[in-house]
Amino acid sequence: MQIPDALERWSGKVQTVRIGATQEEGGTRSKVVEVGGETGLPFLKFEGETPNPPVVAMEVWDIPPIDWPEVLTEPFGDALEDPAKWAKKCEEFGADMICIKLVGIHPDFGDASPEQARDVVRRVADTVSLPLIVWGCDEDEKDNEVFPACSEALSGERCLLGTAKEDNYRTLVACCQADGHNLITEAPLDINIQKQVNILVMDAGFPPDRIVMYPTTGGLGYGIEYAYSIHERSRLAALGGDRIMAMPVIALPGPEAWRAKEAKGTDEEVPANWGPQMERGPMWEFITATTLLQAGTDILVMRHPKAVRELKKFVEKLL
Amino acid sequence: MIIVGERINGMFKDIRRAIRKKDKGPVQEMALRQLEAGADYLDINVGPASADKAGTMVWLVETVREVTDAPLAIDSPNLEAMRAGLEACKGSEVMINSTTGKQEDLEAYMPLAQEYDASIVGLTMDENGIPGDVNGRTEIALKILASAMEHGIPTDKLFIDPVILPVNADQRQPANVMKAIGEFKLLSDPPPHIIVGLSNISQGTKQRPLINRTYLVMCMAHGLDAAILDPLDRELMDAMITAELLLNKFIYCDSFLEAYRR
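Chains A and B, in that order, are what the protein sequence lines are. Counting from 1 along the first sequence, just add 101 to a position and that's the residue number in this note's numbering. Counting from 1 along the second sequence, just add 282 to a position and that's the residue number in this note's numbering.
No wet-lab data here; the hints were simulated from the structure. No residue lacks a Cβ here, since even glycine has one placed at the ideal position from N, Cα and C. Do not rely on the hints blindly, as some may be mistaken.
Said to hold, decoys possible - DEER-style ranges, computed between Cβ atoms:
1) B:Glu-369 x A:Ser-131: 54 to 60 Å
2) B:Gly-486 x A:Glu-326: 39 to 45 Å
3) A:Glu-253 x B:Ala-503: 51 to 57 Å
4) B:Arg-543 x A:Asp-241: 27 to 33 Å
5) A:Gln-395 x B:Asp-399: 36 to 42 Å
6) A:Arg-344 x B:Ala-503: 22 to 28 Å
7) A:Leu-321 x B:Asp-399: 50 to 56 Å
Can you build the whole structure from these sequences, using the hints too?
Spelled out as structure tokens, the structure:
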């Protein structure tokens with residue numbers, strides 16, 4: 102008896118987005134990171150291709166980290182005092198990109214000026230040649246003051262700037278248009294809003310092949326199953342031909358995993374049978390990342406070098 | 283939802299005049315406007331009054347081909363005109379509109395579909411006319427499906443049409459057609475496409491656009507996935523898009539009508 106062909110045939114695919122510009126293209130990055138382009142569900146090699154493997158961006162703040170456990174700060178040492186040194190360490194740890202989180206511009210965390218933020222991103226760009234992500238502080242008014250300065254300072258480097266939201270996207274769209282950057286559209290774990298933000302940004306004239314989606318990441322116990330289902334539905338829609346959902350996806354397993362006591366809690370603070378934090382913490386981050394990979398994720402923002410190393414080995418095995 | 287734009291038909295005054303005068307403009311404009319409005323195929327019909335059916339068909343096809351490569355549906359009951367139209371479309375995607383379930387028609391049109399690698403519409407009517415009930419339609423549908431399989435036509439190129447009658451001709455038929463659509467979906471796995479000539483439902487009635495769009499949505503709920511209609515009727519297309527949303531065919535967003543049209 103002929104065994105029926107059960108392979109899925111998809112009519113759509115995920116857009117390919119290029120992050121970083123080399124000298125030939127007007128930038129100073131040593132390489133271009135391409136994400137997206139998938140023609141099937143995650144890692145089902147018999148049904149589709151993954152032309153660009155998922156990549157890791159390591160997180161760097163513009164100020165020393167607040168509230169990071171020793172297990173997390175120890176690998177970096179005093180490099181954490183300076184964003185450029187911190188980024189250099191991340192490069193050594195194997196990061197594919199650097200994600201600069203501008204925590205210090207937030208009114209509650211120092212209220213750094215646009216000029217100060219600009220200096221930080223420029224120094225990081227001058228110290229490492231990896232493609233860059235620059236992420237605001239989530240306070241819309243301040244972000245809108247700071248985006249233009251940082252965007253212009255990195256003009257031509259084809260960075261990934263974030264984030265554009267349903268009620269605050271025009272400034273970021275304008276900057277990214279003017280300076281040739283890609284942008285991240287954000288939605289609060291709501292797939293309908295995600296699609297709407299993509300449309301709003303495209304209506305404002307921004308090209309779809311320079312958009313990366315951030316559906317919001319929740320850790321285990323903090324909404325991971327919700328995030329997972331949204332990553333998955335978005336990916337299914339893209340493969341089914343919905344061009345407005347056909348963008349690569351970015352997630353934040355680093356920041357989210359380290360919020361949980363399973364990672365953050367010191368050996369004194371948690372039950373003994375949870376195991377030593379120096380394994381427990383990175384493992385928690387690793388598992389958060391691999392879970393989201395299965396749902397369809399292209400860029401993982403991570404923190405601990407051990408989690409990064411294991412994640413990259415894991416991806417290699419899957420491909 | 284596969285949309286076949288119905289407007290390039292000699293029964294419409296503007297197209298009839300253009301055919302008579304051999305004026306390409308109105309035909310080409312109508313082709314582009316229908317495509318812009320969301321048509322996937324353009325139906326090409328010389329209309330009832332045409333004398334040289336085959337020649338006119340070729341003229342229409344070539345005129346449209348000057349401005350677009352979009353798939354065409356050759357719409358003619360005349361075999362010679364059908365063949366001429368298919369020949370003029372050679373090398374591109376084409377649909378045969380249509381064959382009936384009559385044995386002699388199937389034997390004439392299925393080989394054509396095979397020869398031109400065309401999609402084909404099969405009307406569930408035969409030498410006894412249009413069946414009054416659901417079973418009669420399903421029987422003929424099965425016959426058409428079997429003939430398609432015999433001739434190596436894949437299911438995804440077969441479009442079965444349960445034949446709509448005007449609502450004021452027999453008010454029992456709209457419900458029968460809907461039930462038939464549901465039955466046709468069970469004929470094979472995967473099932474063939476199901477198509478209707480939507481405007482027939484309101485032939486000779488008032489409130490034509492309202493009747494058309496209401497019936498389209500009702501049929502979609504039963505599994506209709508293709509229709510020959512007027513894509514320039516914006517409210518009709520809005521209703522079609524909304525029905526697809528309600529059938530979970532795409533993800534909702536506040537600008538869902540705009541999103542669909544992008």
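Consistency of the hints with the structure:
1. Take Glu-369 of chain B and Ser-131 of chain A: their Cβ atoms lie about 58 Å apart, and the range 54 to 60 Å holds.
2. Against the hinted window of 39 to 45 Å, the Cβ-Cβ separation of Gly-486 of chain B and Glu-326 of chain A comes to about 56 Å, which falls outside the hint.
3. For Glu-253 of chain A paired with Ala-503 of chain B, a C-beta distance near 53 Å keeps the hint of 51 to 57 Å intact.
4. The hinted window of 27 to 33 Å between Arg-543 of chain B and Asp-241 of chain A holds, with their beta carbons roughly 30 Å apart.
5. Range check, Gln-395 of chain A to Asp-399 of chain B: about 40 Å between beta-carbon atoms, so the 36 to 42 Å window is met.
6. Between Arg-344 of chain A and Ala-503 of chain B, the C-beta spacing of about 26 Å keeps the proposed range 22 to 28 Å intact.
7. For the hinted restraint 50 to 56 Å between Leu-321 of chain A and Asp-399 of chain B, the CB-CB distance of approximately 52 Å keeps it satisfied.
Going through the hint list in order, the structure does not satisfy hint 2, though it satisfies all others.
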